[in-house]
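Chemist: Sequence:
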Amino acid sequence: MVSERAARARPPRANDPTATRDSEASARSEDVHVRSYAHQMGYDLEIELVDSDGSVAFRDRYYLQPGETEGEVDAVPDGEYEVRAVLDGDRETDRRCRIGSDPEETVVVEVGNGILSLTEGLRA
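Numbering (full-length UniProt numbering), first residue to last: 1 to 124.
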């Protein structure tokens with residue numbers, strides 16, 4: 001399942017006449033980046049971001065097909081969040097991550113071969 005937020009967060013296609021020019025585009029990085037390295041099977045993934053007050057600031061579910069990526073932009077204000085990810089309803093991991101406009105301040109959740117990884121920062 002692709003969330004409405006994820007669909008809105010996708011960048012416009014190059015041939016889209018309504019697309020924003022690079023010079024007009026925001027320099028904002030993704031808040032959350034989700035990637036599947038699986039080759040043959042899909043995965044159910046739940047992600048929750050909890051703010052410093054203990055309130056759930058963001059929650060979404062994804063069904064990731066092999067090789068699929070999803071991104072969330074402007075899902076939450078910049079800050080530190082407790083991030084919880086649950087894979088297929090039984091494998092769970094959590095960590096504290098900083099979310100901001102820099103690619104190094106992006107929550108990265110990766111799945112594949114039954115493994116769930118939660119890190120901070122997109123790297124080239």
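Hints in this document: simulated from the structure, not taken from any laboratory. C-beta atoms are modelled at their ideal positions from N, C-alpha and C, and glycine is treated no differently. Just to be clear, a hint being listed does not mean it is correct.
Distance ranges between label pairs, derived from CB positions [as the list claims (entries may be wrong)]:
no.	residue 1	residue 2	range
1	41	100	31 to 37 Å
2	114	61	15 to 21 Å
3	103	68	27 to 33 Å
Chemist: Are the hints correct? Go through all of them and say.
Modeler: Each hint tested on the structure:
Checked against the given bound of 31 to 37 Å, the beta carbons of residue 41 and residue 100, roughly 33 Å apart, stay inside it. Our hint of 15 to 21 Å for residue 114 and residue 61 holds, since their Cβ atoms are close to 18 Å apart. Checked against the given bound of 27 to 33 Å, the beta carbons of residue 103 and residue 68, roughly 20 Å apart, lie outside it.
Comparing the model with each numbered hint stated earlier shows that hint 3 is the single one that does not hold.
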